[in-house]
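**Q** Read off the chains here:
Number of protein chains: 4
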Amino acid sequence: MQKLSTAILGASGYVGGELARLLLGHPHFELKFATSENFAGKLISKVHPNLRGATNLKFCKISEVEKVDVIFSCLPHGSLAPRISEIEKLAPKIIDSSADFRFENPEDFEKWYGHSHPAPEKLEEWVYGLPELHREEIKKFSKIAVPGCTATAAILSTAPLVKAGVIDSSKIIFDLKVASSGSGNKPNAGSHHPERAGVLRSFKLAGHRHTGETVQELKLKNVPGYSITSTPVVRGIVCHAHAFLNSEISDKEVWKIYREFYSDAPFIRIVKEAGGIHQLPEPKILSGTNFCDVGWILDENSKSIIAVSAIDNLGKGAAGASIQCANLVCEFEEKAGLEFLGLHPV
Amino acid sequence: MQKLSTAILGASGYVGGELARLLLGHPHFELKFATSENFAGKLISKVHPNLRGATNLKFCKISEVEKVDVIFSCLPHGSLAPRISEIEKLAPKIIDSSADFRFENPEDFEKWYGHSHPAPEKLEEWVYGLPELHREEIKKFSKIAVPGCTATAAILSTAPLVKAGVIDSSKIIFDLKVASSGSGNKPNAGSHHPERAGVLRSFKLAGHRHTGETVQELKLKNVPGYSITSTPVVRGIVCHAHAFLNSEISDKEVWKIYREFYSDAPFIRIVKEAGGIHQLPEPKILSGTNFCDVGWILDENSKSIIAVSAIDNLGKGAAGASIQCANLVCEFEEKAGLEFLGLHPV
Amino acid sequence: MQKLSTAILGASGYVGGELARLLLGHPHFELKFATSENFAGKLISKVHPNLRGATNLKFCKISEVEKVDVIFSCLPHGSLAPRISEIEKLAPKIIDSSADFRFENPEDFEKWYGHSHPAPEKLEEWVYGLPELHREEIKKFSKIAVPGCTATAAILSTAPLVKAGVIDSSKIIFDLKVASSGSGNKPNAGSHHPERAGVLRSFKLAGHRHTGETVQELKLKNVPGYSITSTPVVRGIVCHAHAFLNSEISDKEVWKIYREFYSDAPFIRIVKEAGGIHQLPEPKILSGTNFCDVGWILDENSKSIIAVSAIDNLGKGAAGASIQCANLVCEFEEKAGLEFLGLHPV
Amino acid sequence: MQKLSTAILGASGYVGGELARLLLGHPHFELKFATSENFAGKLISKVHPNLRGATNLKFCKISEVEKVDVIFSCLPHGSLAPRISEIEKLAPKIIDSSADFRFENPEDFEKWYGHSHPAPEKLEEWVYGLPELHREEIKKFSKIAVPGCTATAAILSTAPLVKAGVIDSSKIIFDLKVASSGSGNKPNAGSHHPERAGVLRSFKLAGHRHTGETVQELKLKNVPGYSITSTPVVRGIVCHAHAFLNSEISDKEVWKIYREFYSDAPFIRIVKEAGGIHQLPEPKILSGTNFCDVGWILDENSKSIIAVSAIDNLGKGAAGASIQCANLVCEFEEKAGLEFLGLHPV
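Chains as they are written, first to last, in our numbering: chain A, 410 to 755; chain B, 410 to 755; chain C, 410 to 755; chain D, 410 to 755.
One chain only, chain A, in its complex shape (with noise of 0.2 Å):
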């Protein structure tokens, strides 16, 4: 079978540098195009080390970029939706990692990113890439909204205890820990080394643009809280959802409720040990990886679960959710060019 070529937009950062070595070993994929305005004519694997060797491709121009089967958009948050209408014509297919498509109301996406949609029309043919919750419109639709790293954590923790109804859905908090990587490739003064090494740092503590998205796809009635603190890690998510139960529940049942929202989900995996060190989702296993893992314990004192996800967020965060997405899309095995398995230790 002839592999379909496929583009990267805005690929000298660490999502779109994820996705070149995605589709460098897919099966079903060529990458023809890996854009970045500021490195045109450079090999990627000046920006991209790990690709040393394994690739002579040099970074183009989109304005260079031909018509290929498959468009990967890394562009900043704000930068496909103006231009939308032009990409559109490079490939039949697109799936898009930034923020711009993954809302169903503009007033949704004017809420949380505070300005309005610039192609609002537009928004009824995305889809959003959560294949554990949108498996089967995914794969009739062509364009598709990647979600947010921290969302994606944040909404696959919780959605078969909301969707079962076992929870007080209005006063859930989201506590998330995460690695310096989420917050791409451009140096500043809080990602300098001896400020950031070593840090537990309290970073966006109310008022994350990935609430949104959240409130969205659980179909919540009231914004949740949702802390996000800096960790001294390159690459993972921990997600503590905090909820409060609606009446007693059996730790039993709630596997049953997991297993079954579950079942048909090949990168989900439930993570609940009773013993040794890896009882509970761990983000540091899954780098590379497009694993969620998942978990909880039930809290008899304080009558509430805590939900527990982890990911990588280059990965099942951005990456590898939007290769994943784009195999339902073309119809290939939903975990094609996806089997790495993990290190550890790593």
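Think of the hints as simulated: they come from the structure by calculation, not from any bench.
Check the hints yourself; a few may be wrong.
Claimed, not checked - Restricting the straight-line Cα-Cα distance to at most 20 Å, the calculated cross-link-like pairs of lysine to aspartate or glutamate (EDC-like) are:
| id | chain 1 | residue 1 | chain 2 | residue 2 |
| --- | --- | --- | --- | --- |
| 1 | C | K712 | D | E748 |
| 2 | B | K412 | D | E748 |
| 3 | C | K412 | C | E513 |
| 4 | D | K613 | C | E682 |
| 5 | B | K502 | B | E519 |
| 6 | A | K412 | C | E748 |
| 7 | B | K613 | A | E709 |
Unchecked claim - Label pairs and their computed distance ranges (CB to CB):
| id | chain 1 | residue 1 | chain 2 | residue 2 | range |
| --- | --- | --- | --- | --- | --- |
| 8 | B | K470 | D | R668 | 27 to 37 Å |
| 9 | A | R492 | D | E519 | 35 to 45 Å |
| 10 | D | E513 | A | A598 | 31 to 41 Å |
Glycine included, C-beta positions come from ideal geometry on N, C-alpha and C.
Place chains B, C and D on chain A using the hints.
**A** Just chains B, C and D now, kept in the frame of chain A:
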């Protein structure tokens, strides 16, 4: 003025080492005995390499300790209470960093520690060693039970809000991020560097024993959520206390609540800046200090407040707090020997 | 083509876990047995959490292993040689990652390991498993002694220079910086996270046992300096080989020496860039790969060359090298199953 | 006794911040001015968050500095020399942590810094601020050029051996491992946390400018090897000096050489233990201190010695050394204000 003589019981652990460092630099205390049944006869600097050249003191056995003015006990939980009558003969003042005498009611001890208290009749002789809540009592007592490290962070983050009655005290969620030194100096599978480095491990999401003292000190009617995540730092705790507001409140009013509550607390700093990379309490810069930095963010969307506190678990969370209490008990300046400002960057 | 059956002896350690990961993804090998006397009966994914969901294989005892095509032995040093006659019956091909059969002369083994070799008559059946030096021999042998991890880095950094005769081989200094996983998965005082995190520990500055194989493979007449520093990373080795030049040489000539020496080595990449932040080999981006990146800097002032190599100690330093050798022994493509490109950033 | 007044020029950087911390705790110095052209008018604790609550001092411009007793200059390399005549009017004593006045011969400055010295006639007024080599001269001078951080580690590791004539001084190799704070507080591509975390980066393997002062102070006839590796720690330098022995020597003799050489040096500790995990100098426990720990290992096999030194690059490597020199210049106790013992664990 002649220095008061002191002994550290259980001086080979991390809290004992930190206490030794602080006592060696203290203007009014002299370290005369440091016990370790395992290392008796060896220089304490063999175990605490930062003390090289600063002292020739050797570990001795508890049985060799002679009468001193103040005893600092760093014996493991459950070790002091059964022999308290014997230890009381060695010094008129005892500062204990274990959990043995933290509870007012033996029933509470039993609930959280799983067995009945070995000396319940002694509990009334002890006071909970948190000067920010009990300064005047501490001055009057001679036996001080120093709080658990995460409890210190949890209590100090929210005590002003609870007292002011502005939050729903029945639904507080404490989400704490902790360091590896908090688990002591005994190697185990989970502390092995390849496993522990880079980890965001959901360590204890429910049932943590420090919950009990937090309930007692905040006089909570409901048990709060109390979750601990192990992070890849060596020292430090950051506590995020999520609480729902009883009614709308302005940031200015919250400022007033915290300022008044902590008006006479020399180690509490309100950290809440509008810009820069150090806007809220962060434990990295607190290593070696006795500070507890506190701050908060109001979240209009979820009608909640996220209170933040940060400490060094071995400082304000254990050894520093012990010295602070000893200063009060001995009528010294509260800050004596605790002037270290912390390092930046580190 | 039917897959060849394999067994891993001593599969609960880090090298065994990495081998299991590689074999589960290998196109031509099938993992049938994974032994652990301690964990027999338990899922291998209990010990190697990255393998969750990828296999239901359980550990078994060595006594339960049936005949297979290839055995990978990860038994501790000194464990295979005494029972080699027994193990030989289990498979026609054995790849061993211990030091038991690395030496040509039993005297050398005795010098560096402190006791006489238990099966000296067997040594001639084995070949040193460094394809970059012994590719054709490896193809002809069926028993391969995989090099020590630091030896791989040391030898590959300088082999071209030694062979070309451009450096003073009597005065080489290997200064190696290593990771914590290289010391295995047994916790100890030095691997305890609070002690090991952030450390630059002069671990073994003289007398390291890998010196012996380095001498053998580089055919050195003098024992070189060979110093190891423990650094706070989990995977990776970087080797700085300091050598004095016999006479002036140009950078271009050195390029030629390395290019020719490694012309047919698919896992060697020359990394020597003029700008950017990735100018020389750096192990961080090699985690999980089988690459050995090499480079150098000429120092006109001191008339010396500093050769640099970087590997993943569990990859090219152990498990990856084992697979590479097995591929050669079994006449598979040398890179089969070793295509992972590594992550960036990580 | 009234405190001497001081000013820090260039106080917004890491060395300036560390100096401010030390001066705020110093018994005989008072910090009156802290300059920063960028932050003039802002609290110094905005930039150095560890100073919160300890001072209300604000940054001022250099033009606002009034006459003081001692000036500490932390201006960037090349900034002080051109305006030295102007600065000299502000204080009779100047302690400079830049490279501007470290060389005795302007030719050496030119060789290593690539341009001619802007005030060569002033060089003879300055002394190299390494008390362990120049204590008596420093007391007599009023202008002190504090050594480069890696030079301090390199020189102090081997000065006793070079003076004793027991090593081949023509073939020394300094292999240094350094921390991220040594490169200052300006973010750049290489200091961006995702790139810098977990790195073992061969940063400067030849031609490092500190080589020049090392040659000068050790009075070497040949330029030594001098290689720098960036490691993922924030503070600390460990130096491995590899040197070939002129003739056989016993460990006891080496002990004697080091002990005698450093007999009157209050900040040098010989660290060379037979067991445990702290056998040789390790910088982790030195953060915030002014110690330089030194040790060595004799290697019989390669007939060499590996001398080891460890410092805090911001302590003994810069700010601590500045205070130590100022103490000598002002005839204070050499250790005044430098009593901090360092933390363990950290």
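**Q** Quickly compare the C-alpha distance for K412 (chain C) and E513 (chain C) to 20 Å and report which way the hint goes.
**A** violated, 33 Å
**Q** Hey, K412 (chain B) versus E748 (chain D), does the alpha-carbon distance stay inside 20 Å?
**A** holds, 19 Å
**Q** Quick one: are K470 (chain B) and R668 (chain D) within 27 to 37 Å, going by C-beta?
**A** holds, 33 Å
**Q** Quick one: are E513 (chain D) and A598 (chain A) within 31 to 41 Å, going by C-beta?
**A** holds, 39 Å
**Q** Need the status of pair K613 (chain D), E682 (chain C): alpha-carbon distance at most 20 Å?
**A** Satisfied, since the Cα-Cα distance of roughly 13 Å is no more than 20 Å.
**Q** Within 35 to 45 Å or not, the Cβ separation of R492 (chain A) and E519 (chain D)?
**A** Taking Cβ atoms as reference, R492 (chain A) and E519 (chain D) lie about 54 Å apart, which means the hint is violated.
**Q** Taken at face value, is the distance from the CA of E748 (chain C) to the CA of K412 (chain A) at most 20 Å?
**A** holds, 19 Å
**Q** Straight-line Cα separation of K502 (chain B) and E519 (chain B) no greater than 20 Å?
**A** With Cα atoms ~26 Å apart, K502 (chain B) and E519 (chain B) exceed 20 Å; violated.
**Q** Assess, step by step, whether the Cα of K712 (chain C) is no farther than 20 Å from the Cα of E748 (chain D), and give holds or violated.
**A** Between K712 (chain C) and E748 (chain D) the Cα gap is close to 43 Å, so the pair fails against 20 Å, i.e. violated.
**Q** Would the pair K613 (chain B) and E709 (chain A) pass a check requiring their Cα atoms to be no farther apart than 20 Å?
**A** With a Cα-Cα distance of about 14 Å, the restraint between K613 (chain B) and E709 (chain A) holds, given a limit of 20 Å.
Hints 1, 3, 5, 9, counting from the list given before, are not met by this structure.
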